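Colleague: Sequence:
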Amino acid sequence: MTAATLTAAPLAPARRPGLAAGLRHTLTLAWRSLVQIKHNPMELLDLSIQPVMFVLLFTYVFGGAISGTPGDYLKFALPGIVVQNAFFATMTTGFGLNNDLTKGVFDRLRALPIARWSPLAGRILADTVKQAWSVSLLVGVGAVLGFRLGNGALGLLGAFALLLAFSLAASWISVLVGVLVSEPEKVQIFGFMVIFPLTFTSNAFVPTETMPSWLQRWVEVNPVTILADALRGLLVGGPVAGPVVQSLIWAAALAAVFAPLAVRALKRRV
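Anchor point for the sequence shown: position 48 equals 48 in my numbering, and the numbering is continuous, going up by one each time.
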């Protein structure tokens, strides 16, 4: 075979790893994101200090005025604070993804012989672990302040599973924003412009009946309200089946709409 023949021979296409290898790559990249906390502790402090401050301030500043005693208000508000914190925490996915994209880290990862979907999956999985830490911290602080579970360990596990599933679906919104904006700081701006009013126009912190009638109609269909009611039913007591099913429907709808949009936008950018 001549040198010319060798030169003209087409190169075989690179073979992408299978599902099992892709899962291993995802776990490795998720661990990479989590290990960064050791070098940047502020990333974990953001998920720890702010939610604890919300619990303390809302319980002892507004609790007496809204529910009569801080203890009664904590029973009502803690599930809502957990939901609000979960929505804000999903923004860390978009922030971290945009940071990797703008610095070229994402391109270098995709150039490796790994599954094409593992860099994004690893980022989302790592942020889900951070979500679990934040929820555990909130429930622990609530227990210290007097919050007691109404449905025991089973209700707590159900609340964890539902919240993480909803957060996983909602994180696709953050992924889409992180891909579309040019700077990581703009992801945070989006969070305050959209998530902040979304959580405060819900029953996460105050009962729906205390609001104006025109606002109540929105509050009743607000996904934050539905998820907060589901967590109250699981953690404290009350209706469970209806709010849980509606929360899962909302999660499925968010994933069905934003996941394809985020993946398409990511393919265009990289």
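Treat the hints as calculated values from the structure; they're not laboratory data.
One thing to keep in mind: the hints can contain errors.
[Stated by the list, open to error] DSSO-like mimics (lysine-lysine), calculated; alpha carbons at most 30 angstroms apart, straight line:
id : residue 1 : residue 2
1  : Lys38     : Lys186
2  : Lys130    : Lys38
3  : Lys38     : Lys103
4  : Lys186    : Lys267
[Claimed, not checked] For each label pair, taking beta carbons as the anchor points, the in silico distance ranges come out as:
id : residue 1 : residue 2 : range
5  : Gly152    : Thr69     : 35 to 43 angstroms
6  : Gly104    : Leu57     : 38 to 46 angstroms
7  : Glu209    : Arg32     : 43 to 51 angstroms
8  : Val35     : Val245    : 15 to 23 angstroms
9  : Leu112    : Arg269    : 26 to 34 angstroms
10 : Leu23     : Pro260    : 36 to 44 angstroms
11 : Thr28     : Gln216    : 27 to 35 angstroms
12 : Leu27     : Pro212    : 33 to 41 angstroms
13 : Arg148    : Leu19     : 39 to 47 angstroms
14 : Gly104    : Ala253    : 33 to 41 angstroms
15 : Leu27     : Leu215    : 43 to 51 angstroms
16 : Ala111    : Val245    : 19 to 27 angstroms
17 : Thr69     : Phe200    : 16 to 24 angstroms
Computed from a predicted model, the values in this text were never measured in an experiment.
Don't be surprised by glycine CBs; every beta carbon is placed ideally from N, CA and C.
Colleague: Now look at each hint and say whether the structure bears it out.
Modeller: Right, here's what the structure says about each hint:
Proximity of Lys38 to Lys186 is assessed by CA-CA distance (about 25 angstroms); at most 30 angstroms being required, the pair is judged to hold. For the hint pairing Lys130 with Lys38, the CA-to-CA distance comes to about 13 angstroms; that is within 30 angstroms, so the pair holds. Distance restraint check for Lys38 and Lys103: the Cα-Cα separation of roughly 20 angstroms lies within the 30 angstroms cut-off, and the hinted pair is therefore satisfied. As the CA atoms of Lys186 and Lys267 are separated by approximately 20 angstroms, the hinted pair is consistent with the 30 angstroms bound.
Restraint check, Gly152 to Thr69: a C-beta distance of roughly 24 angstroms breaks the suggested window 35 to 43 angstroms. Evaluation of the 38 to 46 angstroms hint for Gly104 and Leu57 yields a pass: the beta carbon distance comes to about 40 angstroms. The hinted window of 43 to 51 angstroms between Glu209 and Arg32 holds, with their beta carbons roughly 48 angstroms apart. For Val35 and Val245, the hinted distance range of 15 to 23 angstroms is not satisfied, since their beta carbons lie about 38 angstroms from each other.
The beta-carbon spacing between Leu112 and Arg269, approximately 18 angstroms, falls outside the hinted interval of 26 to 34 angstroms. At roughly 22 angstroms, the beta-carbon separation of Leu23 and Pro260 lies outside the given 36 to 44 angstroms, and the hint is violated. For the pair Thr28 and Gln216, the supplied restraint of 27 to 35 angstroms is violated, since their beta-carbon distance comes to about 48 angstroms. Look at Leu27 against Pro212: about 49 angstroms separates their beta carbons, and that is not inside 33 to 41 angstroms.
Our hint of 39 to 47 angstroms for Arg148 and Leu19 holds, since their Cβ atoms are close to 43 angstroms apart. The beta-carbon spacing between Gly104 and Ala253, approximately 34 angstroms, falls within the hinted interval of 33 to 41 angstroms. One distance hint, 43 to 51 angstroms for the beta-carbon pair Leu27 and Leu215, holds here, with the actual separation near 45 angstroms. At about 43 angstroms, the beta-carbon gap between Ala111 and Val245 misses the expected band of 19 to 27 angstroms.
One distance hint, 16 to 24 angstroms for the beta-carbon pair Thr69 and Phe200, holds here, with the actual separation near 23 angstroms.
Figure legend: structure checked against the earlier numbered hints; hints not met, in rising order: 5, 8, 9, 10, 11, 12 and 16.
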